[in-house]
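Undergrad: Here the protein sequences line up with chains A and B, keeping their order.
Each residue of the first sequence is one higher than the one before, counting from 1 in the numbering used here.
Each residue of the second sequence is one higher than the one before, counting from 1 in the numbering used here.
Hints in this document: simulated from the structure, not taken from any laboratory.
Some clues are possibly wrong.
Quick list of the computed label-pair ranges, beta carbon to beta carbon [what the hints assert, rightly or not]:
hint, chain 1, residue 1, chain 2, residue 2, range
1, A, Lys-4, B, Pro-135, 52 to 60 angstroms
2, A, Arg-21, B, Lys-58, 53 to 61 angstroms
3, B, Gln-17, A, Lys-4, 54 to 62 angstroms
4, A, Lys-4, B, Glu-143, 47 to 55 angstroms
5, A, Gln-68, B, Glu-83, 54 to 62 angstroms
6, B, Arg-158, A, Arg-21, 21 to 29 angstroms
7, A, Ser-48, B, Glu-143, 29 to 37 angstroms
8, A, Lys-4, B, Ile-191, 44 to 52 angstroms
9, A, Lys-96, B, Arg-158, 25 to 33 angstroms
10, B, Asp-161, A, Ala-26, 21 to 29 angstroms
11, B, Val-169, A, Lys-96, 47 to 55 angstroms
12, B, Ser-29, A, Pro-75, 46 to 54 angstroms
13, A, Val-73, B, Ile-191, 33 to 41 angstroms
14, B, Glu-83, A, Lys-4, 29 to 37 angstroms
Cβ atoms here follow ideal geometry from the backbone N, Cα and C, with glycine treated the same way.
What follows is each chain in one-letter form.
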Amino acid sequence: MTRKLKILITDDSKLLRKKLRTELEALDCEVIEAENGKEAVMKDLQESPDGIILDIVMPEVGGIEALQVIKEVSPEVPVIMLSSAGTPQKLMETLKMGAFDFIQKPYTSAQIKRAIENIRKRVQLDD
Amino acid sequence: MISQYFAQYLLNTAALQASQVQSLLSKASEHKAQLLVLAMNDGLITAKQIESIQEKEKLQNKTFAEIALADGYLTKSQLSNVENSIINNQMNFVQTMLDEHIVDYVQMEQFLKEYSESKIMPIDDAVRQLAGKCPENVESECEHYSEYAEIFMRSLVRFMDTSAVINPVAIPFSGEKPTVVISQRLMGDMIMTTGILAEEDVFLEMARRYSQEDIVEVDELAIDSVSEFLNVANGLYVVNLAHRHLEVDLEPQRMAKNVTPAGNQQMIIRIDTGFGPFDLIIATDEFLLLEDGQGKQL
Numbered sequence: 001m002t003r004k005l006k007i008l009i010t011d012d013s014k015l016l017r018k019k020l021r022t023e024l025e026a027l028d029c030e031v032i033e034a035e036n037g038k039e040a041v042m043k044d045l046q047e048s049p050d051g052i053i054l055d056i057v058m059p060e061v062g063g064i065e066a067l068q069v070i071k072e073v074s075p076e077v078p079v080i081m082l083s084s085a086g087t088p089q090k091l092m093e094t095l096k097m098g099a100f101d102f103i104q105k106p107y108t109s110a111q112i113k114r115a116i117e118n119i120r121k122r123v124q125l126d127d
Numbered sequence: 001m002i003s004q005y006f007a008q009y010l011l012n013t014a015a016l017q018a019s020q021v022q023s024l025l026s027k028a029s030e031h032k033a034q035l036l037v038l039a040m041n042d043g044l045i046t047a048k049q050i051e052s053i054q055e056k057e058k059l060q061n062k063t064f065a066e067i068a069l070a071d072g073y074l075t076k077s078q079l080s081n082v083e084n085s086i087i088n089n090q091m092n093f094v095q096t097m098l099d100e101h102i103v104d105y106v107q108m109e110q111f112l113k114e115y116s117e118s119k120i121m122p123i124d125d126a127v128r129q130l131a132g133k134c135p136e137n138v139e140s141e142c143e144h145y146s147e148y149a150e151i152f153m154r155s156l157v158r159f160m161d162t163s164a165v166i167n168p169v170a171i172p173f174s175g176e177k178p179t180v181v182i183s184q185r186l187m188g189d190m191i192m193t194t195g196i197l198a199e200e201d202v203f204l205e206m207a208r209r210y211s212q213e214d215i216v217e218v219d220e221l222a223i224d225s226v227s228e229f230l231n232v233a234n235g236l237y238v239v240n241l242a243h244r245h246l247e248v249d250l251e252p253q254r255m256a257k258n259v260t261p262a263g264n265q266q267m268i269i270r271i272d273t274g275f276g277p278f279d280l281i282i283a284t285d286e287f288l289l290l291e292d293g294q295g296k297q298l
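Pulled out of the complex, with its shape left as it was, chain A reads as follows (with noise of 0.2 angstroms):
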């Protein structure tokens, strides 16, 4: 049996983190909350998840910043970042500092559900 996926998401819209909460409670994964790239740093050490999900564009510290400090502390965490920014150049930004995937927003259902499904392979090859 697997067990359920720990998400930590973070956006400082009360609305993604409600609508991402409910897609990922239906893909029966346990889901934190952050609101800021600061605070999804200390959930990072706090919680040990087993994937974020990351948006950049966000007051105080952004989604850059944060992905620079988890990819430090928790190298192995794949972190998703999730923007309307999808410019190529932020892109290869992004994963060239170690960012496990880029979804545009507004994202599809398809798009959270194939992530998902790659960090839960990541993970059992991983345990």
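Chain B: place on chain A using the hints.
TA: Frame of chain A; chain B shown alone:
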């Protein structure tokens, strides 16, 4: 033939008045495009043929489709294609014009013909017309503003399921009702700030349509919803710029209530939708200057 900008074309060419378009947009959701409008849109049937079929409909106990088939105006395969065609908001708008007797089939056919032959881009045309009346000199920015407005209008149709037009003769909101403004700055190879200003009832409807949540007051969820819509529209614009090797980042959105935007080279574009009017604001710098208690960065 009918694209999402048909109503804008009719407005730009003065075929319809802004008040007429506003009224038609608000009624369009109650008028579903009928077979004959769809067939005319596909160029399968002419206005004269429609009138002939309608005359027979009055005398015979037969439907439009049965007469069109019997008289050889449509083949079974054409009829099946028309029946299965996807109905968009603009087709419902056309149906509303006919149902409200704003035009008859002959006039509609003529409008559709002129529209399909027109080389002018309706949104670009509307923005340039507005720019000419703008108190600020926005000529140098007109190309960017027009390109942005086009993407914004497409986003409105896609994410809020409404027809929308740029109103060239709108007067500013009176200030009697509370208003909400959301702005977002784009920084990089070009600098621009865009935003949405709406009276609370329209703001709420935008929030409901984008989020598909039952939102009843201007709370965090409502603000997040409209902010996210703006963010997504801006993201699409930024990706568009990236194709031209212009790298631009988005900053976190700002929100304020009951303030007047004050940006440089600011253009206020009134947009009429099926659920009411709001302003799209575009400027070359941040137009939402937040003082104590006025608003916040989101």
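Undergrad: Look at each hint and say if it fits the structure.
TA: Structure-based check of all given hints:
Checked against the hint of 52 to 60 angstroms, the pair Lys-4 of chain A and Pro-135 of chain B passes, with Cβ atoms roughly 59 angstroms apart. Distance hint check: the CB atoms of Arg-21 of chain A and Lys-58 of chain B are about 57 angstroms apart, consistent with the given range 53 to 61 angstroms. The hinted window of 54 to 62 angstroms between Gln-17 of chain B and Lys-4 of chain A holds, with their beta carbons roughly 59 angstroms apart. A C-beta distance of roughly 51 angstroms is found between Lys-4 of chain A and Glu-143 of chain B, which places it inside the suggested range of 47 to 55 angstroms.
Taken as a hint, the range 54 to 62 angstroms holds for the pair Gln-68 of chain A and Glu-83 of chain B, whose Cβ atoms sit roughly 56 angstroms apart. The hinted range of 21 to 29 angstroms is satisfied by Arg-158 of chain B and Arg-21 of chain A, whose Cβ atoms lie roughly 24 angstroms apart. Against the hinted window of 29 to 37 angstroms, the Cβ-Cβ separation of Ser-48 of chain A and Glu-143 of chain B comes to about 50 angstroms, which falls outside the hint. For the pair Lys-4 of chain A and Ile-191 of chain B, the supplied restraint of 44 to 52 angstroms holds, since their beta-carbon distance comes to about 45 angstroms.
For Lys-96 of chain A paired with Arg-158 of chain B, a C-beta distance near 32 angstroms keeps the hint of 25 to 33 angstroms intact. At about 24 angstroms, the beta-carbon gap between Asp-161 of chain B and Ala-26 of chain A stays in the expected band of 21 to 29 angstroms. The beta-carbon spacing between Val-169 of chain B and Lys-96 of chain A, approximately 51 angstroms, falls within the hinted interval of 47 to 55 angstroms. Restraint check, Ser-29 of chain B to Pro-75 of chain A: a C-beta distance of roughly 52 angstroms satisfies the suggested window 46 to 54 angstroms.
For Val-73 of chain A paired with Ile-191 of chain B, a C-beta distance near 35 angstroms keeps the hint of 33 to 41 angstroms intact. At about 47 angstroms, the CB distance of Glu-83 of chain B to Lys-4 of chain A disagrees with the hint of 29 to 37 angstroms.
The structure fails to meet hints 7 and 14 from the earlier list, while all remaining hints are met.
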